[in-house]
Amino acid sequence: MQFLKKETNIDFLSKRKIAFGVSFLMVAISIISLAAHGGPNYGVDFKGGTIVQVKFRDATPISQVRDVVGSLKMGDFSIQEYGSAQEMMIRVPVIDEAKSGETQAQKVETALRQKFGAKFSVERVEMVGPKVGSDLRWKALLAVFYSMIGILIYLAFRFEFRFAVGAVLATIHDPLVILGAFSVLDKEFTLTVLAAVLTIIGYSLNDTIVVFDRIRENLRLKRGMPIEALLNLSVNQTLSRTILTSGFTMLVVVALFFLGGEVIHDFAFALMVGIVVGTYSSIYVASPIILYWEQIVLKKKEAASKAGAVKAKKKKEGQ
Amino acid sequence: MNRTIGWRLLLTFAVVAVSMFFALPLDKKINLGLDLQGGMHLVFEVDADKAVASSLDGEADGLRKFLESKGVVLTSVARENETVTISLANAAQSVEVEKAVSDTYGNFEIIGRSADKSRLTVAYTATWRKSVFNNAIEQALETLRNRVDQFGVAEPTIQREGDNRILIQLPGVQDRERAINLIGKTARLEFRMVNEQFSPIEAEQKGVPSDSDLLYERKVDPITKKPTDKIPFLIYKKVEMTGALLSNAQVRVSDLSMPYVSIDFNREGARVFGDLTTASVGKRMAIVLDGNVYSAPVIREAITGGTAMIEGSFSYEEAKDLAIVLRAGALPAPLIKLEERSVGPSLGADSIRQGVLSALVGGALVVVFMLVYYRIGGLIADVALVFNIIILMGAMAYFGSTLTLPGIAGIILTIGIAVDANVLVFERIREELNMGKTVRAAVEIGFSRAFLTILDTHVTTIVGAIVLFQFGTGPIKGFAITLSIGLIASMFTAVFVSRTLFMIYLGSRRLANLNI
Numbered sequence: 001m002q003f004l005k006k007e008t009n010i011d012f013l014s015k016r017k018i019a020f021g022v023s024f025l026m027v028a029i030s031i032i033s034l035a036a037h038g039g040p041n042y043g044v045d046f047k048g049g050t051i052v053q054v055k056f057r058d059a060t061p062i063s064q065v066r067d068v069v070g071s072l073k074m075g076d077f078s079i080q081e082y083g084s085a086q087e088m089m090i091r092v093p094v095i096d097e098a099k100s101g102e103t104q105a106q107k108v109e110t111a112l113r114q115k116f117g118a119k120f121s122v123e124r125v126e127m128v129g130p131k132v133g134s135d136l137r138w139k140a141l142l143a144v145f146y147s148m149i150g151i152l153i154y155l156a157f158r159f160e161f162r163f164a165v166g167a168v169l170a171t172i173h174d175p176l177v178i179l180g181a182f183s184v185l186d187k188e189f190t191l192t193v194l195a196a197v198l199t200i201i202g203y204s205l206n207d208t209i210v211v212f213d214r215i216r217e218n219l220r221l222k223r224g225m226p227i228e229a230l231l232n233l234s235v236n237q238t239l240s241r242t243i244l245t246s247g248f249t250m251l252v253v254v255a256l257f258f259l260g261g262e263v264i265h266d267f268a269f270a271l272m273v274g275i276v277v278g279t280y281s282s283i284y285v286a287s288p289i290i291l292y293w294e295q296i297v298l299k300k301k302e303a304a305s306k307a308g309a310v311k312a313k314k315k316k317e318g319q
Numbered sequence: 001m002n003r004t005i006g007w008r009l010l011l012t013f014a015v016v017a018v019s020m021f022f023a024l025p026l027d028k029k030i031n032l033g034l035d036l037q038g039g040m041h042l043v044f045e046v047d048a049d050k051a052v053a054s055s056l057d058g059e060a061d062g063l064r065k066f067l068e069s070k071g072v073v074l075t076s077v078a079r080e081n082e083t084v085t086i087s088l089a090n091a092a093q094s095v096e097v098e099k100a101v102s103d104t105y106g107n108f109e110i111i112g113r114s115a116d117k118s119r120l121t122v123a124y125t126a127t128w129r130k131s132v133f134n135n136a137i138e139q140a141l142e143t144l145r146n147r148v149d150q151f152g153v154a155e156p157t158i159q160r161e162g163d164n165r166i167l168i169q170l171p172g173v174q175d176r177e178r179a180i181n182l183i184g185k186t187a188r189l190e191f192r193m194v195n196e197q198f199s200p201i202e203a204e205q206k207g208v209p210s211d212s213d214l215l216y217e218r219k220v221d222p223i224t225k226k227p228t229d230k231i232p233f234l235i236y237k238k239v240e241m242t243g244a245l246l247s248n249a250q251v252r253v254s255d256l257s258m259p260y261v262s263i264d265f266n267r268e269g270a271r272v273f274g275d276l277t278t279a280s281v282g283k284r285m286a287i288v289l290d291g292n293v294y295s296a297p298v299i300r301e302a303i304t305g306g307t308a309m310i311e312g313s314f315s316y317e318e319a320k321d322l323a324i325v326l327r328a329g330a331l332p333a334p335l336i337k338l339e340e341r342s343v344g345p346s347l348g349a350d351s352i353r354q355g356v357l358s359a360l361v362g363g364a365l366v367v368v369f370m371l372v373y374y375r376i377g378g379l380i381a382d383v384a385l386v387f388n389i390i391i392l393m394g395a396m397a398y399f400g401s402t403l404t405l406p407g408i409a410g411i412i413l414t415i416g417i418a419v420d421a422n423v424l425v426f427e428r429i430r431e432e433l434n435m436g437k438t439v440r441a442a443v444e445i446g447f448s449r450a451f452l453t454i455l456d457t458h459v460t461t462i463v464g465a466i467v468l469f470q471f472g473t474g475p476i477k478g479f480a481i482t483l484s485i486g487l488i489a490s491m492f493t494a495v496f497v498s499r500t501l502f503m504i505y506l507g508s509r510r511l512a513n514l515n516i
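Here the protein sequences line up with chains A and B, keeping their order.
Okay, so the first sequence: first residue is 1 according to our numbering, each after it adds one.
Okay, so the second sequence: first residue is 1 according to our numbering, each after it adds one.
Rather than coming from a laboratory, the hints here were simulated on the basis of the structure.
Hints are not guaranteed to be accurate.
Facing chain A, from chain B, some residues (calculated, C-beta under 10 Å) [claimed, not checked]:
1) GLU317
2) LYS337
3) LEU413
4) VAL419
5) PHE471
For each residue, glycine too, the CB sits at the ideal point set by N, CA and C.
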């Protein structure tokens with residue numbers, strides 16, 4: 001069985017201006033949305049706060065729960081349904097837990113007990129102090145930064161430096177777009193979403209490296225071929241693999257999205273966006289960067305050799 | 001079958017057999033994370049600065065007594081934060097103080113002198129302060145271990161994290177509130193006399209005398225957990241005796257079937273308690289735990305038997321927990337809860353069911369598609385994929401790593417990347433076949449050309465995963481471990497196992513065409 005006819009010959013590189021426009025637009029929307037929201041919509045993991053997830057035995061109006069939690073006067077709280085009408089997620093801001101014997105989560109639970117008795121159970125409690133939250137945020141940023149450095153070093157060592165730059169730029173592009181998608185949809189950025197973003201960094205690189213590998217091979221095999229044609233050939237040669245692998249990975253991630261349950265929903269969503277963007281970026285972002293690099297370096301070299309020739313000429317004339 | 005295939009097969013089966021040996025039965029060998037089996041994850045900060053301050057109080061008292069015994073007349077000795085200021089009646093005696101600090105109290109250093117030397121400020125030396133700080137944390141760890149042991153949790157984790165943090169993981173614990181109360185209680189037990197010169201009501205209105213504290217006995221309804229009553233007591237600040245001198249604590253039930261805690265003192269404790277009660281017959285003594293009054297009985301007669309009892313309005317469970325914390329000893333410093341993650345057992349079970357279900361469905365879809373798309377190649381890739389997962393499970397069991405929800409996601413990603421490795425090889429073989437190579441040559445070239453690509457993609461992802469492991473926390477670590485192990489297994493199965501299977505399939509036959 002085969003999806004693609006034997007040899008494709010799509011001119012990807014000629015659309016690089018459109019692609020750069022699209023990428024620029026996506027990244028710009030991400031940055032604008034992030035700026036407008038004042039950074040990512042951090043979840044409890046990164047911001048600090050308390051989550052109490054409760055499950056009622058029967059469907060219970062959210063307004064009743066809201067009244068109970070509201071009467072505690074804990075400040076900016078929110079309640080949302082979680083999966084079904086029986087499950088709810090209550091968020092309250094964190095306070096200085098050291099000074100109060102009873103934690104916020106306990107206060108919420110006690111208040112709910114008084115109103116609802118044994119009609120609910122507490123499924124999950126998460127409390128992250130503000131100090132730990134900012135610690136985690138910092139650590140996450142460091143993790144991304146260092147993994148980029150590590151990857152850059154490995155690729156510069158295995159390929160040429162320009163490939164490493166292309167790969168890293170294409171890779172920075174992807175988490176930015178995912179972050180933007182989360183920001184635009186006002187979804188929460190949590191530890192699991194971060195894990196997804198880091199997974200996508202790996203996945204997108206995987207994709208980019210396969211294409212680069214072929215470019216490197218073709219550079220050796222087909223000397224003298226114009227660079228643009230060579231890049232197009234390489235992308236086309238690996239195209240069926242790209243489509244297949246993205247398809248297979250998508251199959252698993254879609255299964256995860258629909259069957260994995262609420263806890264993993266956002267994780268799967270981030271992966272779905274990431275696979276699409278990652279596949280796109282390794283075709284339309286990574287390879288054109290190599291082309292641009294080549295063009296800039298070539299122009300410089302030409303300019304340098306021209307300047308050199310002029311100098312030499314002048315020298316000669318001067319003699 | 002030639003010899004190369006023989007040893008390749010042997011190695012493959014050996015690796016798979018060893019992995020199965022480590023991994024089976026799955027439910028016994030693979031540790032499930034708290035998010036999957038339910039339980040509590042807690043991070044506390046030990047307020048060790050407080051421990052330093054209270055140790056400083058004790059040492060300053062010792063220094064004061066030492067100086068007085070040397071005939072130095074002191075007007076005051078006052079601690080502020082982590083410094084102690086000694087005021088002398090006669091500035092000339094400052095020589096004595098300096099000598100005492102340099103000869104006898106090496107853990108102190110003089111950090112300030114007033115112009116006439118009538119006031120000297122001392123503090124702990126940096127090394128001594130550090131050791132007091134560290135001791136407080138080590139002691140807190142020990143105390144928490146004792147408490148958790150007696151609470152009865154299977155396989156708890158209690159470890160120090162960083163400078164002054166303690167991580168506690170209690171798998172399977174369902175009664176969250178009880179566990180937190182048990183762990184978080186400082187359990188500083190004090191016996192202090194009740195100030196009967198004023199009534200507490202008077203003190204509330206006119207102000208509390210400087211030698212006393214206004215403390216409360218809190219009555220709580222055992223069912224609704226709502227406070228029902230709050231009785232004030234005026235209690236002298238002076239601590240007559242602490243819980244440090246007790247040897248045992250147990251729950252007993254009174255004639256009226258009210259639970260109470262019976263405490264036994266050690267030999268010294270019995271003597272001190274005997275003296276104290278002998279001298280205070282007819283007065284009221286309060287039993288204060290962490291600043292709350294538990295009871296304040298009138299001492300009717302001297303108690304020399306070395307036992308006492310703490311009554312209060314508690315349930316049997318509460319009395320039992322109180323006995324545990326008293327037995328395990330007081331925490332040297334209060335704990336501040338920084339982080340709590342609790343997952344109820346039913347949510348954990350839901351998560352694992354959904355996680356496994358989606359992994360199975362996703363995996364099955366991939367297996368079927370590979371088979372349809374690549375025929376014989378797909379079959380080979382599927383076998384390699386199954387081996388991959390077996391090896392992954394074996395390695396996780398061997399290293400004792402914990403499977404978390406993000407870990408399941410890591411397995412799913414591993415499936416994706418492992419399949420990609422096979423796709424790379426097969427697409428390469430197809431290309432070579434299209435170029436008119438023989439089947440044998442196409443397979444040969446396909447594997448060798450794809451090898452470098454597979455190596456690059458895998459190593460890059462592993463580099464990322466290692467960094468994640470270094471800088472990540474909890475669930476991210478689990479994800480990084482699972483992914484790294486899975487990728488190493490994938491290198492082996494996609495390159496080595498698949499190739500072996502191809503060798504067997506091709507055997508000595510001369511296939512004109514390969515159905516791939």
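How the hints compare with the structure:
A cut of 10 Å between beta carbons decides the hint on GLU317(B): the least distance to chain A is about 16 Å, and the hint is violated. Given the 10 Å rule on beta carbons, the hint for LYS337(B) holds: about 5 Å separates it from the nearest Cβ of chain A. Among the interface hints, the one on LEU413(B) holds; its C-beta lies about 6 Å from the nearest C-beta in chain A, closer than the 10 Å criterion. Hint on VAL419(B) holds. Least Cβ distance to chain A is approximately 5 Å, under the 10 Å limit.
Given hint, PHE471(B) at the interface with chain A, holds; its Cβ is 4 Å from that chain's nearest Cβ, closer than 10 Å.
Consistency note: the structure conflicts with earlier hint 1 alone.
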